[in-house]
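Peer 1: Below are the chains, spelled out letter by letter.
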Amino acid sequence: MLDKTGIAKRIAKEIKDGYYVNLGIGIPTLVANYIPEGINVVLQSENGLLGMGPFPFDGEEDPDLINAGKQTITTLPGSAIFDSAMSFGMIRSQKVDLTILGAMEVSENGDIANWKIPGKMVKGMGGAMDLVASAKNIIVAMQHVNKAGESKLLPECSLPLTGVNCVKKIVTELAVLEVAAEGGFRLLERAPGVSIEDIRNATSGKLIIEGEIPEMQI
Amino acid sequence: MINKVVANADEAIRDIESGMTLMLGGFGLCGIPENCINALVEKGVNQLTCISNNAGVDDFGIGLMLKKRQVKKMVSSYVGENAEFERQLLSGELEVELIPQGTLATRCMAAGYGMPAIFTPAGVGTEVAEGKEVRNFNGKDYLMEMAFDADFAIVKAWKGDTAGNLIFRSTARNFNPVMAMAGKITIAEVEQLVEIGELDPDQIHTPGIYVHRIFQGKNYEKRIEQRTVR
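Going down the list, the sequences are from chains A and B.
Each step along the first sequence adds one to the number in the working numbering, with nothing skipped, and position 179 is 160.
Heads up, the working numbering is the position in the second sequence plus 18, with the first residue counted as 1.
Excised from the complex, chain B in its bound form (with noise of 0.2 Å):
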């Protein structure tokens, strides 16, 4: 069997290079890649466009790439609450693609299903449709929306063995599964890596087919962002 297990972010993300096309998965902060995007960070690539549904915080997740201007292009659905991010957005800095929460994971999920492109409503009628092939099926018209073509996808789960199989944690799920099923090399970043034999195959979120490299994270943060109590 081919070891896809190493010894931590730095080298999972060793060829990644500036000007690739990156997903990350996660909603706001939870189930980011945190060891990953500070592995990016360090190494200093630049020119990246990274699919992500959002663009983390000023201090935190991906805001630290932006901080560093290694971003130049944000695909995501919203991308509020980043400061820097505004800036760069309003002085032309940054180039921003903002596309339906349930296109961005649908055309995640054509890419892992091997679909070139998919049908959705999202944004018929709305300047989202600008320059998209319409289609009327059964009397209602859809967009038609490519799959992503992305040169790595990074996730974070919450368990994983070495042949890549991974498990997911709460709503921590969100976009990783699909995302792990698009990249055309897969990081994922768990926080914790077993052997095989340990997890129950019947509990298996994303089968180790789609990961390509994977590692045990540490020093998680899992900062929150709104945190609200009763």
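If we strip away everything but chain A, and leave its shape as in the complex, we get (with noise of 0.2 Å):
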């Protein structure tokens, strides 16, 4: 089984050189720390931002510099500032390669929901709508089942959707898996220590099993 750090850095073994991407808040923020070395990429940040640096070292904050998450940061050699505007056409012409966002739950057609639990206070979506509807390539990140141990991957999401259709790989800490076309949770890989067995019982979605599952290799 995987803890945050493990699903961060399988989902960066996800990244190939040259790669725009746009990595949510939570585990996939962590994803940044495990890029292989040799791969270049250009973090997108969804308030004008492409190229964003490490955090600033303390006494270097600049309030004028934060990211989608806002927090301070710093900007890189060749780093680029732009308005919302550009910010999300690039997003919506697809010239951002990845994108990794967590989930509270995926369908097993790609639906997913990650913004609104009804009856709590709502904060509002940010550009997750934005970036699902359009994104050319989406992992999830996320735990396999809730807190209270019900599995996140349904055959129907029952939150409000985010989007629908767009989720193409799910990686979780017990395994990695792809929405196939023709609908269903294909399994591809199964975290250390994990049993397809395991991944059955958290899964209530359709689970694919096709041949040998390889266990994964971090």
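Because the hints were derived from the structure by calculation, they are not lab data.
Do not rely on the hints blindly, as some may be mistaken.
Derived DSSO-like pairs (lysine-lysine); straight-line CA-CA distance at most 30 Å [claimed, not checked]:
{"no.": "1", "chain 1": "A", "residue 1": "K104", "chain 2": "B", "residue 2": "K85"}
{"no.": "2", "chain 1": "A", "residue 1": "K97", "chain 2": "B", "residue 2": "K90"}
{"no.": "3", "chain 1": "B", "residue 1": "K90", "chain 2": "A", "residue 2": "K101"}
{"no.": "4", "chain 1": "B", "residue 1": "K158", "chain 2": "A", "residue 2": "K76"}
{"no.": "5", "chain 1": "A", "residue 1": "K104", "chain 2": "B", "residue 2": "K150"}
{"no.": "6", "chain 1": "B", "residue 1": "K91", "chain 2": "A", "residue 2": "K97"}
{"no.": "7", "chain 1": "B", "residue 1": "K158", "chain 2": "A", "residue 2": "K(-3)"}
{"no.": "8", "chain 1": "A", "residue 1": "K97", "chain 2": "B", "residue 2": "K61"}
{"no.": "9", "chain 1": "B", "residue 1": "K90", "chain 2": "A", "residue 2": "K104"}
{"no.": "10", "chain 1": "A", "residue 1": "K149", "chain 2": "B", "residue 2": "K90"}
{"no.": "11", "chain 1": "A", "residue 1": "K101", "chain 2": "B", "residue 2": "K61"}
{"no.": "12", "chain 1": "A", "residue 1": "K101", "chain 2": "B", "residue 2": "K86"}
{"no.": "13", "chain 1": "A", "residue 1": "K128", "chain 2": "B", "residue 2": "K150"}
{"no.": "14", "chain 1": "A", "residue 1": "K101", "chain 2": "B", "residue 2": "K150"}
{"no.": "15", "chain 1": "B", "residue 1": "K85", "chain 2": "A", "residue 2": "K149"}
{"no.": "16", "chain 1": "B", "residue 1": "K158", "chain 2": "A", "residue 2": "K97"}
{"no.": "17", "chain 1": "A", "residue 1": "K76", "chain 2": "B", "residue 2": "K150"}
{"no.": "18", "chain 1": "A", "residue 1": "K128", "chain 2": "B", "residue 2": "K202"}
{"no.": "19", "chain 1": "B", "residue 1": "K240", "chain 2": "A", "residue 2": "K117"}
{"no.": "20", "chain 1": "A", "residue 1": "K(-3)", "chain 2": "A", "residue 2": "K76"}
{"no.": "21", "chain 1": "B", "residue 1": "K90", "chain 2": "A", "residue 2": "K117"}
{"no.": "22", "chain 1": "A", "residue 1": "K104", "chain 2": "B", "residue 2": "K240"}
{"no.": "23", "chain 1": "B", "residue 1": "K90", "chain 2": "A", "residue 2": "K187"}
{"no.": "24", "chain 1": "A", "residue 1": "K104", "chain 2": "B", "residue 2": "K158"}
{"no.": "25", "chain 1": "A", "residue 1": "K104", "chain 2": "B", "residue 2": "K22"}
{"no.": "26", "chain 1": "A", "residue 1": "K187", "chain 2": "B", "residue 2": "K91"}
Just so you have them, the derived chain B footprint on chain A, three or more residues with Cβ under 8 Å [unchecked claim]:
{"no.": "27", "segment": "25 to 37"}
{"no.": "28", "segment": "50 to 60"}
{"no.": "29", "segment": "99 to 105"}
Every residue gets a Cβ at the ideal spot worked out from N, C-alpha and C, and that includes glycine.
Two independent chains are provided; combine them into the complex using the hints.
Peer 2: Below you can see the structure in the form of structure tokens.
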């Protein structure tokens, strides 16, 4: 079974040289720490920055320079800054190669719910709906089951949707799965020490198992 | 040339009245028009509709206007980090329209470009699509979203000249240039107001034609919401 760092490390292997990548808040943010040596990626922050650098050193914070999570950050050589309309223009026109975000639920046809729980204070979708509606490749980083132990990989989402038919791949503490074109979660890899039975028990949507399922290499 | 320069925030917002629709630039607390917000709080106009990506925090930014019950409706993409906001929302005192961030930016852009509506895939198949026209282009569904219609746009820039040309700094740019283009009347507060000729025409982000009033702001607090260091 993987911890959050393990999930981030496994997702980092999906990133190819030259990619422009948008990272959501939470586990996705950690992915930036594990990008393999020799792979150059440009991180997009939807508040208007390409080429997001690390957090500043203490005392060097600039209130005018933040990421989409409102954290102080830095730029890098080659960074570019633009307004919010252009930021979502590059997202909508699929210039961003990969979007990695968290989710509360994913359905077997690739629907995602991650912005609203009825009855609770709703904070808003931010840029998530724009990202999932347009991204050419979306990887979801999340726990396989919720705090109540219920599967988050479902036949249909029960929470209000963020986007339909958009998730391509899911990395959890138990497995790597892809959303099959015909519907269903195709099991690609098992986390170290996790059996197919464990994954089956934690997945309430249709699980597709074809041939030998290898263990993840991290 | 028409004189666009006003003395201060009070003069800039002199004819903003209760019940109007305002656009306010900024992302979180970054690049918000601090001086004008304080002047609006002082003036006490209410029943405002505010189009702004966020709603400030309890004691800063639009949060100050919420505290004085000046806002009737917020149009935003994300409104966390504000307890008073939450209280007013749950008690029904405040109306909130949550819209995707890219839709928010592009509805501003549409207004500034003179286009009545835009088509975006954001929100298709979700509750955001309820009641909206869906059009299919090349096999993909898009929602029709209308350009905003705001009485005033209030933005904050780093530098501006007396002709209203604006330059923003770093990610404090965010929604400011698109909102500047979108107001019937646009007010710009700047950290440095310079004479015409001092800004390089090639470096200008917002041409002065979009800006009706400009003033040199003061006492910028530039609060950091999430101070994060290495």
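Peer 1: With reference to the structure, classify each hint as holding or not holding.
Peer 2: Hints versus structure:
Between A/K104 and B/K85 the alpha-carbon distance is near 18 Å, which keeps this suggested pair within the 30 Å criterion. Among the hinted pairs, A/K97 with B/K90 is consistent with the structure: their alpha-carbon atoms are about 23 Å apart, no more than 30 Å. For the hint pairing B/K90 with A/K101, the CA-to-CA distance comes to about 21 Å; that is within 30 Å, so the pair holds. Between the alpha carbons of B/K158 and A/K76 the distance comes to roughly 18 Å, so the proposed pair stays at or under 30 Å and holds.
For the proposed pair A/K104 and B/K150, the alpha carbon gap of about 22 Å is at most 30 Å, so the pair holds. For the hint linking B/K91 to A/K97, the alpha-carbon distance of about 20 Å falls within 30 Å, and the restraint holds. Between B/K158 and A/K(-3) the alpha-carbon distance is near 27 Å, which keeps this suggested pair within the 30 Å criterion. Our distance criterion of 30 Å between C-alpha atoms is broken by A/K97 and B/K61, whose separation comes to about 36 Å.
A hinted pair counts as satisfied when its Cα atoms are at most 30 Å apart, and B/K90 with A/K104 qualifies at roughly 18 Å. Of the supplied pair hints, the one linking A/K149 and B/K90 is violated, its CA atoms being roughly 41 Å apart against a limit of 30 Å. A C-alpha spacing of about 34 Å is found between A/K101 and B/K61, which places the hinted pair above 30 Å, so the restraint is violated. With a CA separation close to 25 Å, the supplied pair A/K101 and B/K86 stays within the 30 Å bound.
Between the alpha carbons of A/K128 and B/K150 the distance comes to roughly 35 Å, so the proposed pair goes past 30 Å and is violated. Using a Cα cut-off of 30 Å, the hinted pair A/K101 and B/K150 holds, with the two alpha carbons roughly 25 Å apart. Distance hint between B/K85 and A/K149 is unfulfilled; the C-alpha atoms sit about 43 Å from each other, more than 30 Å. For a cut-off of 30 Å, the pair hint linking B/K158 to A/K97 stands: about 25 Å separates their Cα positions.
The suggested pairing of A/K76 with B/K150 holds, with an alpha-carbon distance near 27 Å, which does not exceed 30 Å. A distance of roughly 49 Å separates the Cα atoms of A/K128 and B/K202; the hinted pair therefore is violated under the 30 Å criterion. For the proposed pair B/K240 and A/K117, the alpha carbon gap of about 36 Å is over 30 Å, so the pair is violated. Distance restraint check for A/K(-3) and A/K76: the Cα-Cα separation of roughly 15 Å lies within the 30 Å cut-off, and the hinted pair is therefore satisfied.
Between B/K90 and A/K117 the CA atoms are separated by roughly 39 Å; this puts the pair beyond 30 Å, and the hint is violated. With a C-alpha separation of about 23 Å, the suggested pair A/K104 and B/K240 falls inside the 30 Å cut-off, and the hint holds. As the CA atoms of B/K90 and A/K187 are separated by approximately 46 Å, the hinted pair breaks the 30 Å bound. Using a Cα cut-off of 30 Å, the hinted pair A/K104 and B/K158 holds, with the two alpha carbons roughly 28 Å apart.
A distance of roughly 38 Å separates the Cα atoms of A/K104 and B/K22; the hinted pair therefore is violated under the 30 Å criterion. For the given pair, A/K187 sits about 43 Å from B/K91 by alpha-carbon distance, which is inconsistent with the 30 Å threshold. Residues of the segment 25 to 37 of chain A lying with their CB closer than 8 Å to a CB of chain B number 8, which satisfies the three-residue condition for coverage. Evaluation of the coverage hint for the segment 50 to 60 of chain A: fulfilled, as 6 residues show C-beta separations to chain B shorter than 8 Å, against a requirement of three.
With a threshold of 8 Å between beta carbons, the proposed coverage of the segment 99 to 105 of chain A by chain B holds, since 4 of its residues qualify and at least three are required.
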